[in-house]
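Number of protein chains: 2
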Amino acid sequence: MALTNPMPMGPWKLTVYDQENFQGKRVEFTSACQNIMECGMDTARSLKVECGAWVGYEHSSFCGQQFILERGDYPRWESWSGSNAYHIERLMSFRPICSANHKESKITVFERENFIGHQWEITDDYPSLNAMGWSCNEIGSMQVQSGAWVCYQYPGYRGYQYIMECDHHGGEYKHYREWGSHAQTFQVQSLRRVQQ
Amino acid sequence: MALTNPMPMGPWKLTVYDQENFQGKRVEFTSACQNIMECGMDTARSLKVECGAWVGYEHSSFCGQQFILERGDYPRWESWSGSNAYHIERLMSFRPICSANHKESKITVFERENFIGHQWEITDDYPSLNAMGWSCNEIGSMQVQSGAWVCYQYPGYRGYQYIMECDHHGGEYKHYREWGSHAQTFQVQSLRRVQQ
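These protein sequence lines are chains A and B, in that order. Going by the numbering used here, 1016 is the number at position 103 of the first sequence; the sequence numbering is gapless. Going by the numbering used here, 1087 is the number at position 174 of the second sequence; the sequence numbering is gapless.
Keep in mind that the hints were calculated from the coordinates and are not lab data. There may be inaccurate statements among the hints.
Same chains, same names: a pair is fine if it fits in one copy or spans any two.
[Unchecked claim] Only pairs whose alpha carbons sit at most 30 Å apart, straight line, appear in this in silico DSS-like list of lysine-lysine: (1) K1019 / K961; (2) K1087 / K938; (3) K1016 / K938; (4) K1087 / K961; (5) K938 / K1019.
Since the model is a prediction, treat every value here as computed from it, not as a measurement.
All chains, please: the whole structure from these sequences, using the hints.
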């Protein structure tokens, strides 16, 4: 069963299964899905990203926890989830990350909200911001100049994930409230480019 | 309480707590700890890496699941664990990763065991090997020319972790049985440099 976008925006393909380990009913997507229940499935419990980078969400309409999905196989929730304390066993909406550009990504991070305080322009992946001289465990605000980024609560790309894109919010994320509906603190300890 | 290494090998510092959220008894390490129970603690449930990159292990004597620990705060097991299906709530041994070198790291991955088949020399971080043209979800063997690397079971740096170092095994990892005592398959879908 294929739900083909009549006007595809890019080379994206995601196959979703309603059971773990690529079992059960399956649906293919080549563009955003706002609510998987409107596509003939109750839930997404495993998935294969065949083309492009995607973001999956806990709830419909792109709300709740965000999960970066790059090319490869995701047989169970543990393969996408970063927060085990509050784990999400299924995904309800998805969309392609159109601005992902592994080679040319740039983000400026600021010590405080509203682009104030000490700042740092980043073009590479940093599993520990702390190790590279960022003195605290928080980022106050961010400006994405190009590409798309994933920020993580903990070092080593763990914990809550926040997808930051140059073509969303004009690339400006002034306060953690703009990072996503699940963000509750400024805590960010690692960050990396999204791979297309 | 500080357990200072009489002959420190590098600028490493790790503080371990026996309760979550940096509570309870604490011990500082500046070099490897083979068994935390011999250092006056029963368990490690939270930790702060203040200097250098470390690897933490599920069991004593550097056995069982491996967890990369770079600079930053790790308040609970979820902040270091990548496999939620088989989660490890405490760590029992630690050691510094002496060869970590974020700027100059090189690894060659091979399609099949014993350094056979299609090969690829890697010097950058890859959240999805698949996306970069590696055609399967497995790596047969690896040779670390410089630096230290973390390989992960799933894309996006999730799932089981395997630390690969140029100064261990002569940098040669011929078969998954040499990746660590917890390795059970050749499955590797993402890989990155360890940051010092």
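Consistency of the hints with the structure:
Taking the shortest Cα distances, K1019 and K961 sit within 30 Å of each other both inside one copy (28 Å) and across copies (29 Å). Neither within a single protomer nor between protomers do K1087 and K938 lie at most 30 Å apart by alpha-carbon distance, with minima of 41 Å and 39 Å respectively. Taking CA atoms no more than 30 Å apart as the test, K1016 paired with K938 passes in neither setting, with 36 Å inside one copy and 45 Å between copies. Taking identical chains as interchangeable, the C-alpha atoms of K1087 and K961 lie at most 30 Å apart only when they sit on different chains, with a minimum of 28 Å there against 33 Å within one chain.
In this homomeric assembly, K938 and K1019 never come within 30 Å of each other (Cα to Cα): the closest approach is 39 Å inside a single copy and 42 Å across copies.
Violated hints, in rising order: 2, 3, 5; the structure is consistent with all others.
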